[in-house]
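Protein chains in written order, with the numbering used here: chain A, 1 to 440; chain B, 1 to 168.
Honestly, I wouldn't trust all of these hints.
What the hints assert, rightly or not - Interface residues of chain B toward chain A, partial, derived using beta-carbon atoms under 7 Å: (1) 35; (2) 36; (3) 37; (4) 38; (5) 39; (6) 65; (7) 66; (8) 74; (9) 78; (10) 80; (11) 82; (12) 97; (13) 111; (14) 157; (15) 161.
It is worth saying that the hints were derived from the structure and are not from the lab. Yeah, the Cβ is synthetic: ideal placement off N, Cα and C, and Gly gets one too.
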Amino acid sequence: MSHELIALTMFSSMMLLLLTGQRVFAAIGFVGAAAGLLLWGDGGAEMAFSASMKLMKWYPLLTLPLFVYMGYMLSESGIAEDLYKMFHVWMGPVNGGLALGTIGLMVVISAMNGLSVAGLAIGASIALPELLRRGYDKRMVTGVVQAGSTLGILVPPSVVLVLYGMIARQPIGHLWLAGVFPGLLMAGLFVAYVAIRCWLRPELGPALPAVERQMSWGEKLRLLKAGIIPLVIFFLMTGLFLMGITSLVESSAIGAASATVAALIRRRLTFEVLHATVRKTLHVSCMFMWIIMAALCFGAVFDGLGAVKSIEWLFLKQWNMTPWEVLIMMQVSYLILGMFLDDTAMLVIVAPLYLPLVASLGFDLIWYGVLYTITCQIAYMTPPFGYNLFLMRAMAPKEITLMDIYRSIVPFVFVMILAMIIIMLFPQIALWLPNYYYGR
Amino acid sequence: MPKAVRLYVKYVDAVSWAVGLFAMYLIFAMMGILLYASLSKAFTIPPVWSLEMAQFVMAAYYLLGGANSLQEGAHVRMDLLYGEWTPRTRAKVDALTAIFLFFYLGLLLYGGISSTQYALQYNEQSYSAWAPYMAPIKIVMTIGIFLMLLQAISMLFKDLAAARGETL
Numbered sequence: 001m002s003h004e005l006i007a008l009t010m011f012s013s014m015m016l017l018l019l020t021g022q023r024v025f026a027a028i029g030f031v032g033a034a035a036g037l038l039l040w041g042d043g044g045a046e047m048a049f050s051a052s053m054k055l056m057k058w059y060p061l062l063t064l065p066l067f068v069y070m071g072y073m074l075s076e077s078g079i080a081e082d083l084y085k086m087f088h089v090w091m092g093p094v095n096g097g098l099a100l101g102t103i104g105l106m107v108v109i110s111a112m113n114g115l116s117v118a119g120l121a122i123g124a125s126i127a128l129p130e131l132l133r134r135g136y137d138k139r140m141v142t143g144v145v146q147a148g149s150t151l152g153i154l155v156p157p158s159v160v161l162v163l164y165g166m167i168a169r170q171p172i173g174h175l176w177l178a179g180v181f182p183g184l185l186m187a188g189l190f191v192a193y194v195a196i197r198c199w200l201r202p203e204l205g206p207a208l209p210a211v212e213r214q215m216s217w218g219e220k221l222r223l224l225k226a227g228i229i230p231l232v233i234f235f236l237m238t239g240l241f242l243m244g245i246t247s248l249v250e251s252s253a254i255g256a257a258s259a260t261v262a263a264l265i266r267r268r269l270t271f272e273v274l275h276a277t278v279r280k281t282l283h284v285s286c287m288f289m290w291i292i293m294a295a296l297c298f299g300a301v302f303d304g305l306g307a308v309k310s311i312e313w314l315f316l317k318q319w320n321m322t323p324w325e326v327l328i329m330m331q332v333s334y335l336i337l338g339m340f341l342d343d344t345a346m347l348v349i350v351a352p353l354y355l356p357l358v359a360s361l362g363f364d365l366i367w368y369g370v371l372y373t374i375t376c377q378i379a380y381m382t383p384p385f386g387y388n389l390f391l392m393r394a395m396a397p398k399e400i401t402l403m404d405i406y407r408s409i410v411p412f413v414f415v416m417i418l419a420m421i422i423i424m425l426f427p428q429i430a431l432w433l434p435n436y437y438y439g440r
Numbered sequence: 001m002p003k004a005v006r007l008y009v010k011y012v013d014a015v016s017w018a019v020g021l022f023a024m025y026l027i028f029a030m031m032g033i034l035l036y037a038s039l040s041k042a043f044t045i046p047p048v049w050s051l052e053m054a055q056f057v058m059a060a061y062y063l064l065g066g067a068n069s070l071q072e073g074a075h076v077r078m079d080l081l082y083g084e085w086t087p088r089t090r091a092k093v094d095a096l097t098a099i100f101l102f103f104y105l106g107l108l109l110y111g112g113i114s115s116t117q118y119a120l121q122y123n124e125q126s127y128s129a130w131a132p133y134m135a136p137i138k139i140v141m142t143i144g145i146f147l148m149l150l151q152a153i154s155m156l157f158k159d160l161a162a163a164r165g166e167t168l
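Could you build all of it, start to finish, from the sequences and the hints given here?
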């Protein structure tokens with residue numbers, strides 16, 4: 001068999017196995033380990049385990065369990081309720097104001113956490129019931145929560161960018177800063193979309209009645225206090241890291257500890273809460289780590305087949321593509337793969353194949369990391385395989401059906417693709433801040 | 001189902017649960033090590049062992065916790081078709097495809113054991129200033145993988161029972 005054929009066989013058998021509903025890590029790990037055994041001969045049997053040793057050396061991944069922990073702790077800490085109340089009162093008078101406030105809430109949560117779990121948990125438990133009670137269109141608000149929570153992986157801190165940074169060998173600080181403006185741009189586009197829709201059809205998001213808004217300016221200003229704790233957490237974690245005082249993994253530990261302290265101060269930290277948090281953290285972290293471990297084994301075999309050269313040959317020689325066409329082709333393939341494949345596994349398997357080509361075509365790898373993260377965000381929401389989708393199904397209030405969840409994301413996916421196109425055309429949106437800060 | 005199977009499932013589940021409980025709280029060990037490192041960096045020189053120690057705890061964390069998360073169904077599946085099936089069909093398919101899971105875990109275990117043997121035989125040390133021995137963490141990792149395999153067998157028994165309409 002030629003190498004291309006083997007690579008293709010590996011990929012399609014993995015897809016087939018995934019379809020049987022076997023656990024994702026087992027499907028990927030089986031194909032990787034079996035191919036290693038068949039193709040490698042000596043040492044092929046050890047490939048599965050050596051992936052776990054490689055994973056151990058990827059120490060920045062220590063941030064993963066700590067960010068997961070922090071996300072669950074934040075959603076238990078009650079900070080979000082206060083923040084939501086603040087946005088609620090300040091944004092209430094506008095049509096669709098609460099939905100806009102929810103986007104604001106998501107941006108703040110994203111700035112404190114590197115995954116979308118925290119935003120989704122908070123959105124589904126605090127924002128959604130309130131929005132539905134006030135007669136907001138359920139599809140629109142479900143989409144707002146789903147799309148808004150994915151900002152968690154674009155706005156720093158971001159675990160996806162940490163993982164990308166390890167594969168692409170790019171500095172995490174640059175990557176995080178590169179995510180700032182694209183994240184804000186995307187949030188701005190969400191706001192514009194919701195505001196325009198609610199302006200055209202006010203019944204989708206009725207403004208708060210005047211009675212509820214009667215509040216003195218003193219009280220209104222006092223609500224802004226809710227923003228203090230998030231600012232402190234942001235400074236301790238991301239701030240100190242960017243200033244070069246703490247290392248990446250240390251900053252994630254500080255973030256996790258500060259979320260615990262915040263819960264303690266607000267008297268929400270009972271033993272039950274703590275235990276539930278560490279339990280959920282273990283489960284989510286194990287799920288990700290086992291998938292990454294399996295994908296590393298798969299990727300090592302794939303890489304050994306010379307798939308990098310094959311892809312380069314296919315794109316450049318066979319199809320005669322220009323650099324930009326190659327880039328667009330890559331993004332499209334990510335979007336399609338991301339629907340069916342776990343995006344962490346996708347990053348570990350596919351990114352090493354694409355990255356050398358991206359670099360040799362003269363594109364900036366920091367900028368490409370941001371583009372990749374946006375495709376990840378889309379992959380989180382698009383059926384049949386998406387983390388936000390799974391979480392939403394588990395957490396959404398009863399009146400939201402599966403069909404609502406599926407249909408709610410459509411406009412937001414288009415908005416995200418629009419954001420991606422804007423950033424493709426104007427790389428400076430991503431690159432200006434890191435270049436300015438690090439003086440490159 | 002025979003009594004031996006019931007007993008197996010009962011004990012393996014209990015061990016997975018207990019080890020999982022231990023693993024869960026390792027997150028505080030990770031947090032503690034890293035916080036200590038950042039604090040000591042602020043005042044004196046940072047310890048040479050902190051980062052590697054945190055890595056070791058991390059490896060123990062997800063490998064020892066694997067069995068518990070398997071037990072509680074935390075490993076995601078693609079549910080395009082799976083989600084539509086009845087619990088009984090799911091159990092049947094799972095019992096069938098468990099072979100892939102066993103194969104992978106078996107190879108992991110094989111690799112773990114041979115790597116541990118190597119580490120013990122040659123007193124393997126890590127290439128770092130601290131240069132810790134690698135055997136202890138490799139033993140812990142291999143135990144975690146072994147437990148995962150035991151738990152996967154327990155899941156298979158449960159699936160077989162469910163496929164026949166029984167519960168264990």
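- Query: Of the numbered hints stated previously, which ones are contradicted by the structure, given in increasing order?
  - Reply: Numbers 2, 5, 14, 15 - these are the hints that the structure violates, sorted from lowest upward.
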